[in-house]
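Protein chains in written order, with the working numbering: chain A, 86 to 593; chain B, 13 to 630.
Just so you know, the hints here were simulated from the structure itself, not pulled from any lab data.
Misleading hints may appear alongside valid ones.
[Stated by the list, open to error] Each computed PhoX-like pair below joins lysine-lysine, with the alpha-carbon atoms no more than 20 Å apart:
hint	chain 1	residue 1	chain 2	residue 2
1	A	K512	B	K561
2	A	K190	A	K533
3	A	K513	B	K171
4	B	K371	B	K452
5	A	K513	B	K543
6	B	K171	A	K512
7	A	K109	A	K187
8	B	K171	B	K122
9	B	K371	B	K491
10	A	K553	B	K171
11	B	K39	B	K122
12	B	K588	B	K577
13	A	K553	A	K564
14	A	K190	A	K109
15	B	K553	B	K543
[What the hints assert, rightly or not] Okay, the calculated bits of chain A under chain B, using three or more residues with CB under 8 Å as the criterion:
hint	region
16	115-126
17	353-364
18	376-383
19	425-437
[As the list claims (entries may be wrong)] Some, not all, of what chain B presents toward chain A, calculated at C-beta under 10 Å:
hint	residue
20	V148
21	L159
22	W162
23	L163
24	I203
25	D209
26	F212
27	K216
28	I220
29	F540
30	Y542
31	L545
32	D584
33	A587
34	I589
Keep in mind the model is a prediction, meaning the values are calculated, not measured.
Beta carbons: idealized from backbone N, C-alpha and C, even for Gly.
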Amino acid sequence: MDHILSLIIFFPFVAGLFGFLVNKDSVRAYGISVSAIEFLLTLVLWVGFDSSNAGYQFVEYTALIPSFGMSYYLGVDGISLFLVILTSLMTMISLIALNIEKDAKNLIISVLFLEMTMVGVFLILDVILFYSFWELSLVPMLYIIGAWGSARRVYAAIKFFLYTFAGSVLMLVGILYMGFLYHEATGIWSFALPDWYLLQIPLQMQLWLFGAFFLAFAIKVPMFPFHTWLPYAHGQAPTIGSIILAAVLLKMGSYGFVRFSLPLFPDASVYFLMPIAIIAIIMVIYGAMVAYAQEDMKQVIAYSSISHMGIVVLGTFAMNAEGITGSIFLMLSHGIVSGALFMLVGVIYDRRHTKLMSEFGGIASVMPNFATIYGIMLMASVGLPLSVGFVGEFLSLVGFYKVNWVMTLMAGSGIILGAVYMLNLYKKSFFGPITHEENRTLKDLNGKELTALIPLVALVVILGVFPKPVLSTIDMSVKKMLSLMEQKAVENDTRDLIINVNSIGGKR
Amino acid sequence: MEKYVYIALFAPLLSSLFVALFATRPKILFMGILASLLIGASMISSFILLFYVNAHGALHVKMMDWISAGNLEIPFGFVVDQVSVIMMVTVTFVSTIIHVYSIGYMDHDKSFNRFFSYLSAFVFSMLILVMSDNFVGLFIGWEGVGLCSWLLIGFWYHKPSAAWAANEAFIMNRIADLGMLMGLFLIYWQIGSFQYDIVFASIKFLDISIVTTIGIFLFIGAMGKSAQFPLHTWLADAMEGPTPVSALIHAATMVTAGVYLVIRCGDIYSLIPHIGFAIASLGAFVAVFAASMALVNNDLKRIIAYSTLSQLGYMFVAAGLGAYWIALFHLMTHAFFKSLLFLGAGNVMHAMHDELNIKKMGGLYGSMKATAILMSVASVALAGIYPFAGFFSKDMILEVAFNEGAYFLWFALFIGAGMTAFYSFRLVMLVFFGEKEHTKYGIHPHEAQPFVIYALMPLGLLAVIAGFFEHAFRGFVTKLLTNYDIQIAHGTEVLLIAATLGIAISGISFAIYMYSRGGFSKTLENRFCYKLLINQYFIPKLYELYIMKPFGAISNFLWQKIDVKIIDFSVDMVAKILYTSGEKSRKMQSGNLSDMLRWMVVGIVILLAVAIFYRPIV
Chain A
86 MDHILSLIIF FPFVAGLFGF LVNKDSVRAY GISVSAIEFL LTLVLWVGFD SSNAGYQFVE
146 YTALIPSFGM SYYLGVDGIS LFLVILTSLM TMISLIALNI EKDAKNLIIS VLFLEMTMVG
206 VFLILDVILF YSFWELSLVP MLYIIGAWGS ARRVYAAIKF FLYTFAGSVL MLVGILYMGF
266 LYHEATGIWS FALPDWYLLQ IPLQMQLWLF GAFFLAFAIK VPMFPFHTWL PYAHGQAPTI
326 GSIILAAVLL KMGSYGFVRF SLPLFPDASV YFLMPIAIIA IIMVIYGAMV AYAQEDMKQV
386 IAYSSISHMG IVVLGTFAMN AEGITGSIFL MLSHGIVSGA LFMLVGVIYD RRHTKLMSEF
446 GGIASVMPNF ATIYGIMLMA SVGLPLSVGF VGEFLSLVGF YKVNWVMTLM AGSGIILGAV
506 YMLNLYKKSF FGPITHEENR TLKDLNGKEL TALIPLVALV VILGVFPKPV LSTIDMSVKK
566 MLSLMEQKAV ENDTRDLIIN VNSIGGKR
Chain B
13 MEKYVYIALF APLLSSLFVA LFATRPKILF MGILASLLIG ASMISSFILL FYVNAHGALH
73 VKMMDWISAG NLEIPFGFVV DQVSVIMMVT VTFVSTIIHV YSIGYMDHDK SFNRFFSYLS
133 AFVFSMLILV MSDNFVGLFI GWEGVGLCSW LLIGFWYHKP SAAWAANEAF IMNRIADLGM
193 LMGLFLIYWQ IGSFQYDIVF ASIKFLDISI VTTIGIFLFI GAMGKSAQFP LHTWLADAME
253 GPTPVSALIH AATMVTAGVY LVIRCGDIYS LIPHIGFAIA SLGAFVAVFA ASMALVNNDL
313 KRIIAYSTLS QLGYMFVAAG LGAYWIALFH LMTHAFFKSL LFLGAGNVMH AMHDELNIKK
373 MGGLYGSMKA TAILMSVASV ALAGIYPFAG FFSKDMILEV AFNEGAYFLW FALFIGAGMT
433 AFYSFRLVML VFFGEKEHTK YGIHPHEAQP FVIYALMPLG LLAVIAGFFE HAFRGFVTKL
493 LTNYDIQIAH GTEVLLIAAT LGIAISGISF AIYMYSRGGF SKTLENRFCY KLLINQYFIP
553 KLYELYIMKP FGAISNFLWQ KIDVKIIDFS VDMVAKILYT SGEKSRKMQS GNLSDMLRWM
613 VVGIVILLAV AIFYRPIV
């Protein structure tokens, strides 16, 4: 178990390299096997994970360029553990569901490379290396959208790449400046995140640094008004690209907030709490309303992601254990549910080669299994209790209520608007009489699609009924982070706020 | 005893899941029977628990932990006390009858199995709702019954109206659920727990303004489920669902969940009587408001739906004024006679080949005697005539209003009682007596299968005798609920009862008198007040014009104008500016030596200028 994290990061990469040697006809099986082994490895990681230890585990440290404090530094804690498992799970599921024949080999290799970069982002603790993986993740995705997408794929791919890339450049400046600050304070160079955590930074500098990191994360999440790359990317990406994009790539942004913004710059996080919460509320309401206006099924789900990520951001900035734990859980649940929804849209797109809701209607009677699974995912998406969607949404909103109840009420309108656009989608596509003759002969889900979808349905229910093992592991690391934030805050107001939002009753 | 708690709770879930395996298969009669048996098992367990609670007091079980984060701990825990066991018995009893009834009613439906799966899932959710020992557990059931309601209203999803009504019900309920969630959040951050016992023990130490806020938020939740004004429009539209669904969900059980919530939170509402009075006033308003719409409607099921709405108003009056046990008593008796009324209506619908317009019926007594008698019994009970069940519970609610000095509420309810009697018998007269209008449409009505009629007998019996359990009921539930005594001088009380009975009987007689003579003249239909009532006070129109349409328009505007034309356009603009400036400045690199020298001079001038004028900020 000593080098399991390295193994988890680089196994898909090495396997992807070997993938070039694999025969074209068996490459799909190869890809699924590799991703399944990777998934098993992450499960082994969970089994070996000591859930009573809130700190980093399975730490690997090798100095790379000691004179500049750069190192190969890996570690996993409760916050990143489940995001890693989510990544490997969704990669496996999306490969199982894959049905692109054209250049499948290159596509699968791209996906495996992408998996490496995503896992790396969640496991790496050295900031320079983190940045490298963060940017590297754009490359396979650029290929996936640009080569296997629909008509306007090149535009969408380039937009996705340039937009997110431009955002991250400022983060690099921030990282270098942080390194400089650390050197100023301690006299040694270090880009190790745990070292940085210990650094107290004056408020004015925190504000600038927070801003530099914020833009990179905000574009990735994507936060309003930096979200417009998302509908294009989803609209043009092949199904597998959309699944991974929605399930994992967006989480890199919200993970960044939890991993970097909050613990590194607690005072700046509190300082910017209200503006960010306002943006989050705009995301929730605006995303939901724009989703309602869509005619394309896939775009509805794309905009619904914006709405849900609004709640994630809100929960993160609640600054209490309930909200942050909830927002991390919501990342997981959104990953599962939106991944499944994109897969379902892919299923119907394969059959009808259209995603317009007006082309459907009444397909519940033609494809009952499809309609049932769609219905379950829809209910998870609108946050029905005992489905996975409820837990995270509930906790995030509970958390933020302590900060500001009016804003929670406004963000809570997401549970109404979510039902509005989702049920509207379901009514238009599944209910009513069959209006198009060609829909009468649609085939219900086949074995491959069921194999991919049933595990997700099971997870939706299991994690909805029994979220405790996941929650308590996340919660411990979150509590540790909160106490760190409280200790290193330079402003008394920050400390008071953190203590206040974490305690029951009016005052402590 | 724990074992019975689990049987009562999980037998319906088992039924639902097992039958769901066969959901897409053609009709399997055994599925209906199995579901009925499992719900029956749940009912028997509930009765055993009723006797147990009566003898030994409440039972509390904790199954497992559910959510824990920060300071928050939510278990799956269940409490079987005097209130929840009454709800359990009522729910499972009515559910069992409706399951059996549905075997006959859904006989020819191709989705027979799917229906039973949904129906059992509903029973499970409803039991979670009433049995949970904490607010979030209640919320699970609360949303669960909402989901099942959505599934069952939209059961015949190929009908666009059913699909629409299903979504309307779900979304309206969600609006209210947000209010309820806010109440839960406030409770959590004030008390640190969602457990009933902890919350009710410490609520009295909170600031009164906070208790008021909690009370308002929770009641907003109750307004959605119990379809109180202004969130009432979904209930009438929900009649698109199969009739057994209307009987079970939209009359006997789910819609009373809001009343249950107020009763359960009696410890909260008794601290804030002004909010209680507001609830009672809203209830009295809805009682009259809904009854007035029932007066003129011609749709068999909608009339009964409005009547349900009106009766829910009565329950809220009692609950709001602090007479919790009376509200619960009316909830129970109402469940019996209202589901009977609906199921009778289902028989009529079947006989009439799904015709719902009561103006097209008439004279059905001849062909459907048993149904006619059962429905008349239910109507008499609903109208509140001695010795039928409705008399006891409803009369007490009027007395409560009088006792509290809320004479205006009393008067509203008094008028409501007259209206109730009138519309009930208008329905009975138009459907079962008078001219046989249906012969014009070539329909030959026939009575339902015998076992369906037998299944309705217990409800008929209870509609007659349930009122006599008043004292036993009171003694039982007031072990948990605050007792409420009506202290009106004996003479006045007799007078009140006589007055109420009087107006009910006059309502009935008026209906019988008018409709045995062919009803009202057609010219009344041109009057404004008739138009107002038949169009439900134009409220659905208002919602469509001023909420739904603007919402769609704003959404479109946000997408097509803001998102595409402004935000995305500016993103592309940045890219375009970079691109065109590159394109334009490319001409500098013409390769012409004299051009290059010229640019060099420009560069030197700029550098010189910088060197001369720039001073670093110290």
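To see whether the hints hold, each was checked on the structure:
1. A:K512 x B:K561: holds, 17 Å
2. A:K190 x A:K533: Roughly 19 Å between the alpha carbons, so the hint for A:K190 and A:K533 holds.
3. A:K513 x B:K171: holds, 12 Å
4. B:K371 x B:K452: holds, 12 Å
5. A:K513 x B:K543: The hint is violated at about 32 Å.
6. B:K171 x A:K512: holds, 11 Å
7. A:K109 x A:K187: holds, 10 Å
8. B:K171 x B:K122: OK: B:K171 and B:K122 at ~15 Å, within 20 Å.
9. B:K371 x B:K491: Distance ~49 Å between B:K371 and B:K491 Cα, so the pair is violated.
10. A:K553 x B:K171: violated, 42 Å
11. B:K39 x B:K122: holds, 6 Å
12. B:K588 x B:K577: Holds, at roughly 15 Å.
13. A:K553 x A:K564: Within the cut-off at roughly 16 Å; holds.
14. A:K190 x A:K109: Given pair A:K190, A:K109 holds - Cα atoms ~6 Å apart, limit 20 Å.
15. B:K553 x B:K543: holds, 13 Å
16. 115-126: That given contact is violated, which follows from only 0 residues of the region 115-126 of chain A lying within Cβ reach (below 8 Å) of chain B.
17. 353-364: violated (count 0)
18. 376-383: n = 3 at 8 Å, threshold three: holds.
19. 425-437: Contact hint for the region 425-437 of chain A vs chain B: violated, 0 residues under 8 Å.
20. V148: Check passed: Cβ of B:V148 comes within 8 Å of chain A, closer than 10 Å.
21. L159: Holds, because the Cβ-Cβ distance from B:L159 to chain A comes to roughly 6 Å (cut-off 10 Å).
22. W162: Because about 8 Å separates B:W162 from the closest Cβ in chain A, which is inside the 10 Å limit, the hint holds.
23. L163: Holds, because the Cβ-Cβ distance from B:L163 to chain A comes to roughly 8 Å (cut-off 10 Å).
24. I203: Check passed: Cβ of B:I203 comes within 7 Å of chain A, closer than 10 Å.
25. D209: violated, 17 Å
26. F212: violated, 17 Å
27. K216: violated, 15 Å
28. I220: Given a least distance of 14 Å, the restraint on B:I220 is violated.
29. F540: violated, 34 Å
30. Y542: Where the cut-off is 10 Å and the nearest Cβ of chain A is about 33 Å from B:Y542, the hint is violated.
31. L545: With a minimum Cβ separation of about 30 Å from chain A (threshold 10 Å), the hint on B:L545 is violated.
32. D584: holds, 8 Å
33. A587: Since chain A brings a Cβ to about 7 Å from B:A587, closer than 10 Å, the hint holds.
34. I589: violated, 13 Å
Hints 5, 9, 10, 16, 17, 19, 25, 26, 27, 28, 29, 30, 31, 34 from the list above are not met by this structure, while the remaining hints are.
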